[in-house]
Structure formats: C-alpha cells, structure tokens
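Trainee: With chain A's structure known, arrange chains B, C and D on it following the hints.
Protein chains in written order, with the numbering used here: chain A, 1 to 83; chain B, 1 to 83; chain C, 1 to 153; chain D, 1 to 153.
Because the hints were derived from the structure by calculation, they are not lab data.
Only a predicted model underlies this, so the values are computations on that prediction, with no experimental measurement involved.
Incorrect hints may have been included.
Listed next, the in silico DSS-like pairs over lysine-lysine satisfying Cα-Cα at most 25 Å (straight line) [to be verified]:
id, chain 1, residue 1, chain 2, residue 2
1, B, K2, B, K33
2, C, K118, B, K2
3, A, K2, A, K33
4, A, K33, D, K118
5, C, K118, B, K33
6, D, K118, A, K2
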Amino acid sequence: MKLRYFAWLRQRTGLAEEEVEPPPEVHCVADLKHWLADRHPRFGEVLAAPGVVRCAVDQEYAEDDTPLEGAREVAFFPPVTGG
Amino acid sequence: MKLRYFAWLRQRTGLAEEEVEPPPEVHCVADLKHWLADRHPRFGEVLAAPGVVRCAVDQEYAEDDTPLEGAREVAFFPPVTGG
Amino acid sequence: MIRLLGEPFDPAAEIARFTTDRQDVGGIATFLGRVRDRVGELRIRALTLEHYPGMTERKLAEIEAEARRRWPLQDCLVIHRYGRMEPGEPIVLVATASAHRAAALEACAFLIDWLKTKAPFWKLEETDRGARWVEARESDDAAAARWEKETAG
Amino acid sequence: MIRLLGEPFDPAAEIARFTTDRQDVGGIATFLGRVRDRVGELRIRALTLEHYPGMTERKLAEIEAEARRRWPLQDCLVIHRYGRMEPGEPIVLVATASAHRAAALEACAFLIDWLKTKAPFWKLEETDRGARWVEARESDDAAAARWEKETAG
Chain A
1 MKLRYFAWLR
11 QRTGLAEEEV
21 EPPPEVHCVA
31 DLKHWLADRH
41 PRFGEVLAAP
51 GVVRCAVDQE
61 YAEDDTPLEG
71 AREVAFFPPV
81 TGG
Chain B
1 MKLRYFAWLR
11 QRTGLAEEEV
21 EPPPEVHCVA
31 DLKHWLADRH
41 PRFGEVLAAP
51 GVVRCAVDQE
61 YAEDDTPLEG
71 AREVAFFPPV
81 TGG
Chain C
1 MIRLLGEPFD
11 PAAEIARFTT
21 DRQDVGGIAT
31 FLGRVRDRVG
41 ELRIRALTLE
51 HYPGMTERKL
61 AEIEAEARRR
71 WPLQDCLVIH
81 RYGRMEPGEP
91 IVLVATASAH
101 RAAALEACAF
111 LIDWLKTKAP
121 FWKLEETDRG
131 ARWVEARESD
141 DAAAARWEKE
151 TAG
Chain D
1 MIRLLGEPFD
11 PAAEIARFTT
21 DRQDVGGIAT
31 FLGRVRDRVG
41 ELRIRALTLE
51 HYPGMTERKL
61 AEIEAEARRR
71 WPLQDCLVIH
81 RYGRMEPGEP
91 IVLVATASAH
101 RAAALEACAF
111 LIDWLKTKAP
121 FWKLEETDRG
131 ARWVEARESD
141 DAAAARWEKE
151 TAG
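Extracted from the complex, chain A is given alone in its bound form:
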C-alpha cells in the first residue's frame, strides 16, 4: 500500500510518500492511523485532534470507518484550502 502525505502533514512525517505493509489487523482508516502513530510519532500527535487530519483512499475522500480492503493508495492531509 502506498501512503502519501501533503502540506504540513508531510512535514510531520518527513516524507511525501512511502510503501507500507500494514499488519492484518488494520482493516479501516482508523486502524491505519493508529498503526501509523507509532511509525511517525509527530504525525501521531495530531491524529486525535478532530477535523485536523483528512484522508483519501484511492483518491476519494474517506472517513475513519472507510475499509482499506484492496486499497492501493491512502493519503493524509489537512483540510483543503485551494481556490
């Protein structure tokens, strides 16, 4: 699974993307966040704050309960500020 990080979340992980193989107990976005908190402690710090970390699974916006089965690409980023 490819993970991508954008904006200041990229600065928290220190990388724009990485390939990972999460353990079998990672079923949904919330599980993945929990697993990533150990991997990237500075990313983990902000995961608990509501509305700060948004997620997309295979380039569609996702929620904590979005399943990850078959997902190839998961991205984490702050709320968007384009336009």
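Mentor: For chains B, C and D alone, coordinates are given in the frame of chain A:
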C-alpha cells in the same frame, strides 16, 4: 412641463417629447394620465391596464399619487428591460 | 465607474484593464451580457436598446453607489450599451473587485439584477417575423427582489 | 473544460477566447482569484499551492460535471494554478456561459465555492514573519454548504 415617451409608448403617442401646460386641476401623475388620455387616445387605451405604463417625474420613478408641483419633466414608458 | 456607450466595446480588453495593477485584490467577478441569435424558436437579427438620457446615467450611478455601500469593493465597473447591436455583441459588462470572493460575487450578481429592473432601458428585437419590444420578465423582478429586503437595513 | 497549470496564465486572454464565436450565449460569468499582497497586517511575499496529482484532476472534473448537471451551461472553464505565485498573479479562473444570466452566475459561484472546499489544494504563504500553511476557513465550508442541500435532489 416637458413630457417624454419611450419604447412602444412613444409609438402610441407618435412623438418622443412635447411641451404641455396641463390645467390647474392636474395635481398628480394620475391626473396627468387622465388628461393625456384625451390628448393621445392610443396612449389612453393602455393607461388602465395595471403595470403597463410606468412614470418618472424629474427623472425619478413615480407612482400615480406622486405630486407634480414644480415638476419640469415627466416621462412615460413600459417596464424596463435592460441589462 | 459607469460608462454608457453608443458604440461597441471590447469586454476582454476592459476586463484586462480592470484592477490589473493592484496587488490587494483577492477576487474579481464579472458578468457579460450579450445579444443572443435566438429566443426560443425565433431568430434574432438585431437588438436595439433605447434609453432615457439623463435618467439612465443617474440610475446607473445610484446602483453602483448602492453596491459600494453594501459590499467592501476595491473597484467596480459597469459598461452598458445603447443603440443597435447584432448577435454576439456585448450589451452590458459588470466587474467587481474585493479582497474576498463573496463580496465580489454577490455585488456582481446584485449589480446585474438591479440594472435589469431599475435602469431605464428598453429592448427592441428585430426578428424574422418583424420587430417587437421585449416584455419585462417576472423572473427579473424576482431576482432583483432578493436584494430588496436589505435596502431598509 | 478543466486545466491544471504549473505555469502562470493570462486570465484576460482566456476570457477573450471563452465562447467568443458563439451567438447563442446570453450571459457569461467569471471569477478570478488572485494572490493578495497582504492578509490583515501581514505582508505576503508569495503563495505556493501544493496539490494531490491525480486526485486533483479527478475532483476538478467531478466539480465541473456537477455544475453542468445542475445548470444548463453552454460552456464552462476552470483553470487552477499550482506551484509558487507572487502577489497579483492569478490562482484560479472560473468561467460559465449560458443562455440566461442566472444559470451563469449561480454556476460560477457554485464552482468557486466547491473548488475551495473539495479540490485537494493547500496554500503555503511566505510572509515577512516566515512561511505558514493557510488554515481552512469556516466561511468557506458555509459557502459550499449552501449548494449541498441540492445534491440529494
């Protein structure tokens, strides 16, 4: 007093403007319309239809009860369709 | 700024000039009204806009002043044609600039809605079946009325 | 039509090209977002827009399709920059064309509201006091939510 007619009301009177001296009993816009109905019968025909003839007194939109005292210019026209 | 023109104008050139030099503008909204070549099944050959010289300039200035009173506009432009125009020709251009987009967008919609219902212009269409004066539309009154409730405030 | 650009573009030239040849267009609305030189008291030296390649194009296309589904648009253009820009430079241009003005104006406002809240862009401001990521504004969510109720319908 100068009278001005616009759009198809101009075609009804057959003139774009005229100078008139209404009799002393013409106090307001409604009085003037009544007096003009005799002067321009084809204009008079449409005066009764509600919302068809609009009026401006000295270049401000006016209603039937708008007084004409001191008015120098009165205009009649259909509802506006610009923009 | 208000311009009432008897000759064609180039809307893209006007937009290009509008607030070009300013760096404090965050949003620019524009609306351009053009002569259409048909209305329903009817082909339009030309459109002639008659107006009320004197009162027109006054009303356009009032409408611009009202927009500037309601929204924090950094600049505002209204160009309105009169006379005879052919399909594709510009009739009216409204442009508004503000630090934030909501003010620019709302003021632009307000200006065109009020121009349609408060400025003394009348449209004569030349069609395949002769000339006819365009009738006022209720939808235009409704659009203008959206902004009416705020006038008293 | 959607264009995602890493280089500057000329909004006036884009507007000049937009639907120029069509005679059935009655109204064209545009919105241009530009980099401002200050936010409150803070001077802005530059703005860098990061985006999510792949997802951005997808979301922009979805947003355009939604606008065309909701309003009878004759044409629709969205140009969005990414990368580094200086004050005065265009960030985003939206243009909509329709036979009638209400459709063009509403679709234009809708497009910019949804772009602001649904397209994966992030703004980094370089200020006199260092660089900072722009935070999402509640007013943008509220503006986008205006159009949300119609999605189900």
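Trainee: Confirm or reject each hint.
Mentor: Tested hints:
no.	hint	result
1	B:K2 x B:K33	holds, 14 Å
2	C:K118 x B:K2	holds, 22 Å
3	A:K2 x A:K33	holds, 14 Å
4	A:K33 x D:K118	holds, 22 Å
5	C:K118 x B:K33	holds, 22 Å
6	D:K118 x A:K2	holds, 22 Å
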